[in-house]
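2 protein chains.
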Amino acid sequence: MKRINLGIIGFGNVGSGVVKILREKKAYLTQKIGLEIEVKKICDKDIVSKRNIAVDKHILTRDPRQIIDDPQIDIVVELMGGINPAGEFISEALKRGKNIVTANKALLAQKGKELFVLASDRGKNIYFEASVGAGIPIIKSLREGLVANKFKGVMGIVNGTSNFVLSRMSQANCTFKDALAEAKLKGFAEKDPSLDIQGVDSAHKLVLLSYLCFGRFVDFKDIFIEGISQISQADVNYAGELGFEIKLLAIAKKEMDELEVRVHPTLIPRKHLLASVSGVFNAIYVSSDLAGDLLFYGPGAGQMSAASAVVSDIVDLTQDIKAGLFRPTLNIVEDKSIKKLRRIDDFESRHYIRFMAVDRPGVLAKISGILAKFGISIASVTQKERSRANFVPIVMITHSAKEKNLRAALDMIYRLDVVKEEPVAIRMEDL
Amino acid sequence: MKRINLGIIGFGNVGSGVVKILREKKAYLTQKIGLEIEVKKICDKDIVSKRNIAVDKHILTRDPRQIIDDPQIDIVVELMGGINPAGEFISEALKRGKNIVTANKALLAQKGKELFVLASDRGKNIYFEASVGAGIPIIKSLREGLVANKFKGVMGIVNGTSNFVLSRMSQANCTFKDALAEAKLKGFAEKDPSLDIQGVDSAHKLVLLSYLCFGRFVDFKDIFIEGISQISQADVNYAGELGFEIKLLAIAKKEMDELEVRVHPTLIPRKHLLASVSGVFNAIYVSSDLAGDLLFYGPGAGQMSAASAVVSDIVDLTQDIKAGLFRPTLNIVEDKSIKKLRRIDDFESRHYIRFMAVDRPGVLAKISGILAKFGISIASVTQKERSRANFVPIVMITHSAKEKNLRAALDMIYRLDVVKEEPVAIRMEDL
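In order, the protein sequences belong to chains A and B.
Using our numbering, the letters of the first sequence map in sequence onto residues 58 to 488.
Using our numbering, the letters of the second sequence map in sequence onto residues 58 to 488.
Since the hints were derived computationally from the structure, they do not count as laboratory data.
Just so you know, not all the hints are guaranteed correct.
The list treats identical chains as one, so a pair stands whether inside a single copy or across any two.
30 Å max Cα-Cα, derived DSS-like pairs, lysine-lysine [as the list claims (entries may be wrong)]:
no.	residue 1	residue 2
1	LYS59	LYS379
2	LYS170	LYS379
3	LYS168	LYS459
4	LYS310	LYS83
5	LYS89	LYS379
6	LYS59	LYS114
7	LYS461	LYS477
Isolated chain A, as found in the complex (with noise of 0.2 Å):
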């Protein structure tokens, strides 16, 4: 039987993962797939700790070159995560003729347009199905099951420890800090979660499956982000008595001929699946042109689900290399109706917006009238009780608006003497 040989990079949680599968399911990979997949070589610079899964110490090694340079590895999979030297190791492995199967969306993002190249230039494969909602297999339904599509839009829930932190906020009613604390915990948080907070991982995931649905290589620095530390108990609150929820999106949509990117928190309807999904779960939401409107949703984590998707990759590489000859993965084709991306001035969208006014007749004239001015009608507004403080809470729902307009409205009421603290905006999504 023919046997296929992996060199992995990066032994840690994913990797002893994909070691741990490929050994205890050994026999039923090998029925499926009709040949035996061999762990080569692993590298780590700690080959020293123990992991879940015992490994013979003769294929462990610190050096990479031995597996990069090995001729007898067929496929590279890099599970070590960071940009550098990550993306040269993958680099030199495909000139040295190897396939791919990679984890790293921070990689992907920045460096993915050259390594794509360089793939293709030679021949070869590079497979990330777990760097975008682990083991959910959304890319190899946007590449391959939904292959005659063209897409309107994706708008994923794709980071669980922001995810965590919103849904505990809405469903505990705490505070932004108490639901970080308890995220960190119960190991859902990083020490340092700012990558996951900040929106970076949602933007690094958004560049791929922008990629995906539009054949557009979205450079990083060009998705307008906002993350979720500024979201606070009271409009987690007044959004649920609104019907609506607040979720950390990753958008890319398209509008006439410019496309969107975008990550930031989101009012969506507390009606709508996108909506249900709580927790460290992940979902991804495609309109797509002749399939419709779907729904992938999984843990968006996890050391064997992200391993789940490693071994899918490994697989139908394996399966291209017993065909004996390159069979590309599909070819991403690019959207040419798309003209530019859309700066976040001319993002338009329906917002809500808090205002901390003095509680005095005329107050609420003054602040819609300038939101009149700039062109922004209001579809809903509640005032909340008066408390002890001389400022109430005045929440209201807008119409679609331009961005620069709703900002330069927000600034001025802010600069009304009847008006507390900086008004809270934020977008929302029509599902």
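Chain A is fixed; fit chain B onto it per the hints.
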């Protein structure tokens, strides 16, 4: 550029959708897959009526042999539906070395076992993505995306008509009859909707889901099937008050060394994602050992949605053919830990039950006494307000109980002279 020739048998709704996609997206697909797909012949008994896509007269035929016997045709796409002659055509085509794409769940549920064996013997493939959940790439996900996983269970809302009816009853507070009439009016139900509302169509799809998840081709007649026509407006309301939605679920799950396969109306908690699946949408919820609990959601029917799935199957086959050799679909491996199918008597679940009973002291004691005698404990009871009638509804949620015991208890309760009407019992799923 290499060209792959198709023959399409069945030029109805989905068939013309497939032709439309292949025509209108020719350039897009060619760029993606690196070869041309040509519709060489289309067979239908009606080659006169206009479709939403015009085709050259000379490729239309009434004679299926013109497709089956044409050595230049690589792929036969069967979209005529029905058991025979569709099954004979597929089997003839396989014997003549063609690969098959079909959306025919009724056929596969009944003759799939032999057809898959024949295909494998001949080194050919049968792809059937459109047969479950239309454009939702559930089959590819189960087979390829989750290739390393073993499954604990799969649970699907896989019939749009039934789901529309149940959603309407819940949302518009109407009767089954009215909801069904509305479904017919909107084109969501066929003139004779019995296969849909009696659960037969869901059971066809369950055979396929169960085959994909457990590698067992369940005999269609061994599936327990209960439809939705007996679901009353009252029960939808009472379930709603208790926080549940009633959905027609197709369920295959492993319990110890037995497999349960069943289709029936089911109470599920309103906060679960499946409860939010409204109208004609479908969703398949899968529990896997590595990737965890996943949900796949989308329109479960529709011309272009089904055609999208058919085209993705065609594309997969073209890639196999392009590789110049038989690249078998990943083998489906039987879960040997399953020893047998569980008999309906041995199903265990919680139940929603409703009695119409005389509003008199001691009645509740009698009823709960009988339940206790059969080892059925009660989780909650609600006795509804007395109406002008002498009989009041008593609604109970039981703890988990064996089907056999529950039925025996209900029989005995029904024989009480204080109980009017046959008691209602609806299974629940803990999600």
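How the hints compare with the structure:
Taking CA atoms no more than 30 Å apart as the test, LYS59 paired with LYS379 passes in both settings, with 8 Å inside one copy and 21 Å between copies. For the homomeric pair LYS170 and LYS379, the shortest alpha-carbon distances inside one copy (27 Å) and between copies (26 Å) are both at most 30 Å. Taking the shortest Cα distances, LYS168 and LYS459 never come within 30 Å of each other, neither inside one copy (33 Å) nor across copies (57 Å). Taking identical chains as interchangeable, the C-alpha atoms of LYS310 and LYS83 lie at most 30 Å apart only when they sit on different chains, with a minimum of 24 Å there against 42 Å within one chain.
Taking identical chains as interchangeable, the C-alpha atoms of LYS89 and LYS379 lie at most 30 Å apart whether they share a chain (13 Å) or sit on different chains (22 Å). Taking the shortest alpha-carbon separations for LYS59 and LYS114, only the intra-copy value of 25 Å comes in at or below 30 Å, while the best inter-copy value is 49 Å. Taking the shortest Cα distances, LYS461 and LYS477 sit within 30 Å of each other inside one copy (22 Å), while across copies they are farther apart (67 Å).
In this structure, the one hint that does not hold is number 3.
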